[in-house]
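Given the coordinates of chain A, assemble chain B onto it according to the supplied hints.
Each chain, letter by letter, is given below.
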Amino acid sequence: MVETSLQQHINQQLFEKLELAYFCVDQSMQIIDASENLENYGYTGVVVGANADDCVDFMFGLDAYTELDLPMVESPSGKKVSVSLLPRDSFLTVLISSASAEADQRQLLQQKANENELLVEQQIKLMKQLENASEMLEQKNVQLEEASRLQTSFLSGVSHEFRTPLTSIIGYTNLVKQALQSAGDDGSESDKVQHIGAVQRSSKHLLSLVENLLDHGKLDSDEIIVRPKETDLAELFNDVELLLKPLSDGKHIDFIVELGFEQPMIVVTDDSRLRQCLINLLGNAIKFTDSGSVRLTAKLSDDFLKVGVFDTGPGISQENLAKIKLPFWQAADTGKAGTGLGLTITERIVELMGGELEISSELGCGTQVSFEIPAPQLDAEPKPVESQMLPFKQAKILLAEDDYDIADLIVMMLSERGYEVSHVDNGELALNALENQEFDFVLMDIHMPIMTGYDVLRELQVKGIKTPVAIMSASAVESDRAKAEQLGCFDYLIKPVEIDDVIRIMNLAIDQRA
Amino acid sequence: MTDHESPQILALKERYKSSLVDKMQSLSDYLIAMESDDATLDQVAELRGFLHKLAGSSGMYDYDDISVASRKAMLAADKVENVAHIDELKVAVGKVASLLQTYC
Numbered sequence: 000m001v002e003t004s005l006q007q008h009i010n011q012q013l014f015e016k017l018e019l020a021y022f023c024v025d026q027s028m029q030i031i032d033a034s035e036n037l038e039n040y041g042y043t044g045v046v047v048g049a050n051a052d053d054c055v056d057f058m059f060g061l062d063a064y065t066e067l068d069l070p071m072v073e074s075p076s077g078k079k080v081s082v083s084l085l086p087r088d089s090f091l092t093v094l095i096s097s098a099s100a101e102a103d104q105r106q107l108l109q110q111k112a113n114e115n116e117l118l119v120e121q122q123i124k125l126m127k128q129l130e131n132a133s134e135m136l137e138q139k140n141v142q143l144e145e146a147s148r149l150q151t152s153f154l155s156g157v158s159h160e161f162r163t164p165l166t167s168i169i170g171y172t173n174l175v176k177q178a179l180q181s182a183g184d185d186g187s188e189s190d191k192v193q194h195i196g197a198v199q200r201s202s203k204h205l206l207s208l209v210e211n212l213l214d215h216g217k218l219d220s221d222e223i224i225v226r227p228k229e230t231d232l233a234e235l236f237n238d239v240e241l242l243l244k245p246l247s248d249g250k251h252i253d254f255i256v257e258l259g260f261e262q263p264m265i266v267v268t269d270d271s272r273l274r275q276c277l278i279n280l281l282g283n284a285i286k287f288t289d290s291g292s293v294r295l296t297a298k299l300s301d302d303f304l305k306v307g308v309f310d311t312g313p314g315i316s317q318e319n320l321a322k323i324k325l326p327f328w329q330a331a332d333t334g335k336a337g338t339g340l341g342l343t344i345t346e347r348i349v350e351l352m353g354g355e356l357e358i359s360s361e362l363g364c365g366t367q368v369s370f371e372i373p374a375p376q377l378d379a380e381p382k383p384v385e386s387q388m389l390p391f392k393q394a395k396i397l398l399a400e401d402d403y404d405i406a407d408l409i410v411m412m413l414s415e416r417g418y419e420v421s422h423v424d425n426g427e428l429a430l431n432a433l434e435n436q437e438f439d440f441v442l443m444d445i446h447m448p449i450m451t452g453y454d455v456l457r458e459l460q461v462k463g464i465k466t467p468v469a470i471m472s473a474s475a476v477e478s479d480r481a482k483a484e485q486l487g488c489f490d491y492l493i494k495p496v497e498i499d500d501v502i503r504i505m506n507l508a509i510d511q512r513a
Numbered sequence: 000m001t002d003h004e005s006p007q008i009l010a011l012k013e014r015y016k017s018s019l020v021d022k023m024q025s026l027s028d029y030l031i032a033m034e035s036d037d038a039t040l041d042q043v044a045e046l047r048g049f050l051h052k053l054a055g056s057s058g059m060y061d062y063d064d065i066s067v068a069s070r071k072a073m074l075a076a077d078k079v080e081n082v083a084h085i086d087e088l089k090v091a092v093g094k095v096a097s098l099l100q101t102y103c
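Those protein sequence lines, which keep their order, are chains A and B.
According to numbering that gives the first Met the number 0, the first sequence is numbered sequentially starting from 0.
According to numbering that gives the first Met the number 0, the second sequence is numbered sequentially starting from 0.
No incorrect hints appear here.
Cβ-to-Cβ under 8 Å is the rule here; a few derived chain A residues that face chain B: (1) I169; (2) S474; (3) P495.
No lab work stands behind these hints: they were computed from the structure.
Don't be surprised by glycine CBs; every beta carbon is placed ideally from N, CA and C.
So that you can see chain B by itself, here it is in the shape it has in the complex:
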């Protein structure tokens, strides 16, 4: 990103910023789903996919902290072998959600 961005780029940035609320909501939904007794590894994989996208897009839009936290959460998701043991993932996702909240 350059210092002097065009109105088009600024418009895209505004659009992305306004989408952070939805992204935070999606993360909350994933967390709630994983709290339930019938949580599955597929859901963890789905969450990982979401974090993967977030890590990429947030970094592109200069939200470096969200990008780094999402990447860490991805690694936590990679370690999950049993849905009964996802505390580390939940903490990592919670961190991402709280960072998202600071920009909403």
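If we strip away everything but chain A, and leave its shape as in the complex, we get:
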């Protein structure tokens, strides 16, 4: 090996820098050269002439022809070393370098790997916890939804059960009131009329609360459907004004209605839902206004109806304004009774009608509620003759009908129109009544117990009783009609009968008889 002094110097520097040691062996593994610094690694017996198999443990079993790297070998000094076997023509150079930096690096990597593993484990654990929490929340959500559904279902059920008796109370107290008013024209029954009026007012209030609960239930279950149809807006707003005027009068506040259109103003909208919204908003405004006024404005613009309700009530704080549309919410300090549903329902209905309810208010400055809904305008046309109120002719009517569902309905509808109606539920009683009392008109079913309608007609002919009789039957068979006409009936109506048809035929019969 011939080397220049400069090369020797560089090699020396490198060896020192890299802590390199070396030795060379011939093909019989005898050491032919060795660096002095081998001792640094504890290889003290590695000297020229010695056999590498004997003095260097990692050399045992190796040959002098194969290039090989042995990382992380423990040297006799205890230091970790890296060993490289570099075969050349007739000898093998064995380079030994410190592996401590590499070991440190490996340790660092291992540490990082461990930390990473730990982090991954922690992440997995956290993910699991999150999943569990999410599952629990989902379960809670399902439970809450179920509880809410049950609550709504219960409220709807109870409300529905309340509604029937309440409507009966209102209906029958109305009849009692009418009877008292007729009997006490001299004022003798005025106290009772007032008491009945109080019962009615309370019942109507209770009914409106119940109906709000029912509507809320329906809105919750998406059962409320908006059915737009031809509607005279002016008539609707006038109706609402008439309905609510007594409330504002009762509180001595002004009720101002400003309509930007005249009657008739025909548009397409759901009149009953619009009416409900107006009644709710105006009802609230009047309820919470103790002095000043409530103003209703409405105008049509580009097929949109803009409605505003302004009151001079106490106003709503910003804090309460945020909560006012929540179901069942009521300001604690108002002292006004209600379900807290009116505004919620109105907002939802306005949404269903394609609009948005807006509320603005300040304490002490009143409240303004407004909405805008689509209301396409139609050309105003006169109402068909059929829907106009038929002329009223005083008449005493006998109804012979064994089906009480039908009888009660017809009696009620005719009574509401001002007619005096007597009801019997079989043919024999009908005949007796006609023999003993004067009636202007008879409305009679065919299929009745004891005597059929045909039997009664036959007997009336025999007895010469000329009271006009209209037969009503669910049978549309021509032979049934022919039989009834042959027996002298005035007309033959097929059930279901329209009350307007009954009145029209009755008027005709009375005119002819006169």
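Coordinates of chain B only, in the frame set by chain A:
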């Protein structure tokens, strides 16, 4: 019926609605009776009478679909000459019953 009905009329409507369950039950009873071997034409006539009333009352209370279906079932009952051949009537009555069920 007008758009704005009085509480009395609404009360009657509620009463009628709540009676639909019983009416459906009655129809089921008629159907069961006619399934038996000893069914008679009198029973068919009785069923026809029931359908006749239902056609009238349901229409009065705005259940037009029930009214029309009942009337069709009445016509099916009119055609029955032999209780052994009442399949058409049973189908028609079944239709009425299913309509009643939708309102119960």
